[in-house]
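Residues per chain are reported as follows:
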Amino acid sequence: MIKIENLEKVYKTEEIETTALNGINLHVRAGEFVSIMGPSGCGKSTLLNVMGLLDKPESGSYKFMETELLTMNDRERSNFRKQHMGFVFQNFNLIDELTVFENVELPLIYNKVPAAERKSLVNEIIERMNIVNRSGHFPQQLSGGQQQRVAVARALVTKPKLILADEPTGNLDSSHGNEVMELLCELNEQGTTIVMVTHSSHDASFSNRIINLKDGHVISEKINKARTEELI
Amino acid sequence: MFKLNFKIALRNIWKNKTSSLINISGLAIGLAACLLLLLYVSYEWNFDKQGKEADQVYQILTNYTDQNGVISGTGKNTGNAIGLVLKEEYPEVKAMSRMTHGWQELIANGETSFKKDVKYADKDILQLFDYTFLYGNKDKALDEPHNVVLTESMAKLLFGTADVLNRTIRHQDKVDLKITGVIKDIPKNNSVRFDFLLPWTYHEQNFDWAKELGWTNNNWMTLVKLDKGADVDGINKKIAGLIRSHEKESKASPFLFPLSKMHLYGQFTKGESTGGDIEQVRLFMGLAIGILLIACINFMNMATAKSEKRAKEVGIKKTIGATRGSLVSQFLMESLVLTFCSSILSIALIELCLPVFNNLLGIELSVSYTNPVLWVSLVSVILLTGLVAGSYPAFYLSSFNPIQVLKKKNTRRGFGALSLRQFLVVGQFSFAVILIIATTVIYKQIQYIKNRPVGYSINELVEVAQEGALLEKFDLLKDRLIKSGAVTSLYQSSGSMAVIGSNFWGMEWPGSTVADKEVVFNQLATTYNFIKTNGVKLIEGRDFSEKFASDTAAVLLGKSAVKRMNLVNPIGQVIKYQGEPRTIIGVFEDFIWGSPYVTDDPMVITFNKEWNGTITMRLNNKRSANENIAAIEKIVKEINPAYPAEVKFVDEAYSKKLDKQKVLGILSNLFGGLAIFISCLGLFGLAAYSAEQRTKEIGVRKVLGASVMNLVQLLSLSFLKMVIIAIVIAIPVASYIMNSWLKGFEFHTNVSWVVIAMACLGTIAIAILTVSFQAVKAAKTNPVTALKYE
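Here the protein sequences line up with chains A and B, keeping their order. Counting in our numbering, the first sequence tops out at residue 232, every number present. Counting in our numbering, the second sequence tops out at residue 1022, every number present.
Incorrect hints may appear among the rest.
[To be verified] Here are the computed lysine-lysine pairs in the DSSO-like style, where the Cα-Cα straight-line distance is at most 30 Å:
(1) K119(A) - K247(B)
(2) K247(B) - K284(B)
(3) K56(A) - K544(B)
(4) K56(A) - K249(B)
(5) K538(B) - K12(A)
(6) K119(A) - K239(B)
(7) K769(B) - K791(B)
(8) K493(B) - K319(B)
(9) K791(B) - K764(B)
(10) K284(B) - K119(A)
(11) K502(B) - K889(B)
(12) K112(A) - K544(B)
(13) K764(B) - K854(B)
(14) K416(B) - K480(B)
(15) K112(A) - K541(B)
(16) K538(B) - K56(A)
(17) K235(B) - K161(A)
(18) K12(A) - K544(B)
(19) K880(B) - K894(B)
Honestly, the hints are just simulated from the structure, not real lab data.
When you get a sec, could you build the whole thing from the sequences and use the hints?
Here it is in C-alpha cells:
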C-alpha cells in the first residue's frame, strides 16, 4: 500500500545541518502492523510525519496506493490526509474546549459528513471504544487511558486506511498502555493498516514487522513471527 | 462546523474569564466612546440638513471689497430689499424669507409671562423648512400680522397642551396675537430656531426702519429656496452686481451659499469658504477611529499572547484535516462573538452616559433605535471592529505548523509575532501620549484665554435688559436701586459689556484720509457713570459727567482707536462721528468686548440717551450677592411688572464666549483619558499574561534567591521599554500638531517642555502602576506552587 523510496530530509538551523532521513526505502502492505523503532534522534518521528503528510522531505518518492503524494500542494495533501489517515499521538492532543463526543466528531465535520450520519458514526465508535458514558465529558476530566481511547476513536471515526501512531503508550502506565495496544491489534485484525513509532519493544511485539532506524537509515527489519503466524 | 466553532469560542471566553473581561470591557469602552463621538459627529454633520429639500435652501451672503478690489470680508447679513428682488426677478427662486436674528421677547398667556426666543420672518419661511404642523395650516399660518406660530414645547409651557389653535397670547405686554399654528420642536442642530414665530408684516408694523426697503441696511438674514437642479453658479454670476446697481457707493457683491454648509464651512477668507466647524468634526472622527483602534490593538495583543494555548488546538485540527480557511473563519468568529458581547455592553454604556454627555456639551444627542441607518451603521462598525481585531490573530494563529506545535510542548513565539505585538503596544501608547499632550495643551490654551485680562472689574457686575417701563423710567430705577443699597453705581447703554454689539465705519478725524473712512470701529452708546460702574481704566481725561452739558456731544476713545487715528493730544480734539462733530473727553484702556480670542476693533463710546437696551450695575460688595440680587429683582419687578426680572452676571455671559472651546476641552479630556485607560487595560492584560507564562521562571528565580523587587523589575522592564519608545515617537508628533493648532489663535500659549514632561511622566507612572500590579502579584506567589505547575 505504501511505497517509500530514497526519502531524504534535512533540518537546517543557522549553524548545523541535521540529516534526519538519509535515503529511506520502505514498503508497507495493506493490513500490516509495522513498528518503527530506534534511538532518540534516529528520524523515526520525522518518517512518521512525512508519512502523515505533516512534513515535506527534500527528495524521494512516496506512493500511497500508486498515488504520488510528494508532488501534491497543501490543499491536496490536507484533503488526502483527512480521507485516508488517522493519527494517534503520545500526548493525546485532544481539544480541551470540546467534549469527548465533539472531539471524535471533528474529523467527520472536516470531511463534510452530514450531521445525522455523524451522530451514528460517532456513537458507534465510542461504543466500541467503551467510552459511551464519557461522551459529554471534557478531556481534562478523563484518565490518560481514557483520553488515549478518545484519541484512537477520533483517528478511527473516518474509517481511514492507515493509522499513524506516535508512541501511543508513552504517557500511559503499563496497564492502560496494554489496553491501547490491544485495541490497535484488534483494529489491525479488522483490516486497518497501522504504522507505529515506539521506544518500547513490548509495544513493538504486538506488530507484524519491526523496522529499526539509526541516523536516518533503516538498519534492520524483523518479521515478528508470533504475530505474523497468528495473522496467517 | 459553525456550531462547533461557536461552542469553542464561548467555552474559551468562559475559561479565560479575566482576559475575556479585559477584552470585552476594553472593546466595549472603545466602541462606546467611538459610537458616542460618531453620534456627535453625525449631529454636527446633519446641521441644517434634516428637511427633505434642505439642499435647495441658500443663504444670501455678501462679499465686501476694499479700495484695491480685494475681498476684505464676507458678511452674513443683508438688507431687506435684496430678497424681494430675487424672488420677483428670478424664476428659479421658489421661496424667500427675510428673518430677524434671534432674541428674546415677552409672551404671556394672561397670567404668567415668559421671555422666549422669537423670530420675525416672511411667510415663505414655512416653505423653506418643512416644519411639522401639529395644528394649523402651513399655507396660511403667517398671513395676518397678528398671527403667531408656536413650537410644541412653547405651547405646552403656556397652556399645558399643544392643542391651542386660535387662542390668544399677549406679546410684549402690548399686542394680542392669535395662535395660527403649532409645530414640532425644532431640533437643536438647526441654525434657524425659535420658540415662537411672528410674521414679517408685524415686524414692519413695529418699526418704520424695517418697512423702508434698503440695500445696505444689513440687519437681517435672508434665505431663499431654489428649484431642484437650479444653476447656483449662474445665479451667483447674475446677482453679483445687484447691490451696486442700486447703491452706487456700495462695494458689496452678494452670492448664494448653501445653508446646509454654513455650520461646517461657514468661515470665509477672501470670499472663499475655508472651513469652519468641519475641522472639529474631522478631529473627532479621528479620535473615534483612534480609540477604536486602540481597543482593537488590545484585542489583537491578548489574542496573540494566548497563541501558545491555542497552538495545540490549531495543530490538532490541521492534522485531522482542517484547512487554513476554516481556522481563519473560526478565529474571526471568536472575535466577532467577543465584539458582539462588547457591543451590547457598549450600548448600555452609551445609554448610561448620554444624558451626562449631553449635559456637558449642551446639546441633544439621542439614539433613535427605530432608525434603520443607525442599525446598518452599528452593525457595520461592529463587523468591521470584529474583523479588524480578529484578522491578525486569525491569520497568525492559523499559520502554525502542526508538527512544531504538537511536538514541542512549548513553542517559542516567533520573533515576528513578538515584535509585531511590541509594535502594536508602541503604536497604542504613542497615540495615547499624543492625546495626553494635546489635551493638556488644549486645557492650557483655554486657561490662557480665560485668564486674559478683560480690562474691567467683571466680578460683582450684573445687568438687566432695559425694556418695557425701564426705557422711560431709568432715572426712577437708578434712584431706587442706589437708595436700596443693593448697587453702588449703574448706567444704561446700548449693549452688554460681555456681548459685542455694534460697529460702524465712515468716521472722520483731524488728519484722516478717504481710505480711513473704511476703518471699522466698535461703538457703544451710554450716558453717565459708565467708567465708574464697570471699572474700565481711564488713561487720560474723564468720564461723561452731568456737570458738563456739552458732554451730550462728547465721545470716549479706546487706546487703540487713538493710536489708529494717530492723535497726539486727543483730549479736546473734535472728530466726526456719524456725521456729527464730537469732542474727545477721555481715553480708556482697551477692554475685551467681542471674542477673547482676537483683538477687537478700536472702540468708540458715545453719549446717546436714546440708544439703550441694557442696564449694568455694580453690586454693593458690603452685602451678600444674593441679598443684592433679590433687592434688584424686587425693584425692577415693581417698576416694570409686565416683564420677568432677570438679573444676569456679566462674568457668566462672558464665560459663554469660551463655550465652544470648552466643548473641545471636555471632549478631548474625556476621550484622551479613555484612550489612556483602554491602553492600560491592554497593558494590564499583557502583563498578566506574561507573568503567567513566566510562572516557572519566577519560581526558579525565587528559589535561587531573587527578591520581589528584582522580579518586579524583571517583569516591568520590557513593558516600560515599549512605553518609553512610544513617548519618544509621540513627543515630536504631538508638539508639531499642537503648535500648528495654536498658531490658529491670535492669542495663544505654547507647547512648553513642562507640559511634555508632565505628560510623559504621567504615562510612565500609569504604565508602571499597571504592570507592577501584575508583577508584584506574580512575584509574591509561593515558588512551590509556581513550580508544581510544570
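To see whether the hints hold, each was checked on the structure:
1. Between the alpha carbons of K119(A) and K247(B) the distance comes to roughly 27 Å, so the proposed pair stays at or under 30 Å and holds.
2. Between K247(B) and K284(B) the CA atoms are separated by roughly 52 Å; this puts the pair beyond 30 Å, and the hint is violated.
3. Proposed proximity of K56(A) and K544(B) is supported: the alpha carbons are some 20 Å apart, at most 30 Å.
4. At most 30 Å may separate the alpha-carbon atoms for a hinted pair to count; K56(A) and K249(B) exceed this at roughly 39 Å.
5. For the proposed pair K538(B) and K12(A), the alpha carbon gap of about 28 Å is at most 30 Å, so the pair holds.
6. A hinted pair counts as satisfied when its Cα atoms are at most 30 Å apart, and K119(A) with K239(B) qualifies at roughly 17 Å.
7. Among the hinted pairs, K769(B) with K791(B) is consistent with the structure: their alpha-carbon atoms are about 10 Å apart, no more than 30 Å.
8. At most 30 Å may separate the alpha-carbon atoms for a hinted pair to count; K493(B) and K319(B) meet this at roughly 22 Å.
9. Straight-line distance between C-alpha atoms of K791(B) and K764(B) comes to about 18 Å, which keeps the hinted pair within the 30 Å bound.
10. For the hint pairing K284(B) with K119(A), the CA-to-CA distance comes to about 59 Å; that exceeds 30 Å, so the pair is violated.
11. Taking the CA atoms of K502(B) and K889(B), the gap is near 25 Å; set against the 30 Å cutoff, the hint holds.
12. For the suggested pair K112(A) and K544(B), the alpha carbons sit about 23 Å apart, so the restraint of at most 30 Å is met.
13. In summary, the hint linking K764(B) to K854(B) is supported, as the alpha carbons are separated by about 17 Å, within the 30 Å threshold.
14. Of the pairs offered as hints, the one joining K416(B) and K480(B) is violated, with about 45 Å between alpha carbons and a cut-off of 30 Å exceeded.
15. Between K112(A) and K541(B) the CA atoms are separated by roughly 27 Å; this keeps the pair inside 30 Å, and the hint holds.
16. At most 30 Å may separate the alpha-carbon atoms for a hinted pair to count; K538(B) and K56(A) meet this at roughly 28 Å.
17. The suggested pairing of K235(B) with K161(A) holds, with an alpha-carbon distance near 29 Å, which does not exceed 30 Å.
18. Taking the CA atoms of K12(A) and K544(B), the gap is about 24 Å. The hint holds against a cut of 30 Å.
19. Of the pairs offered as hints, the one joining K880(B) and K894(B) holds, with about 21 Å between alpha carbons and a cut-off of 30 Å not exceeded.
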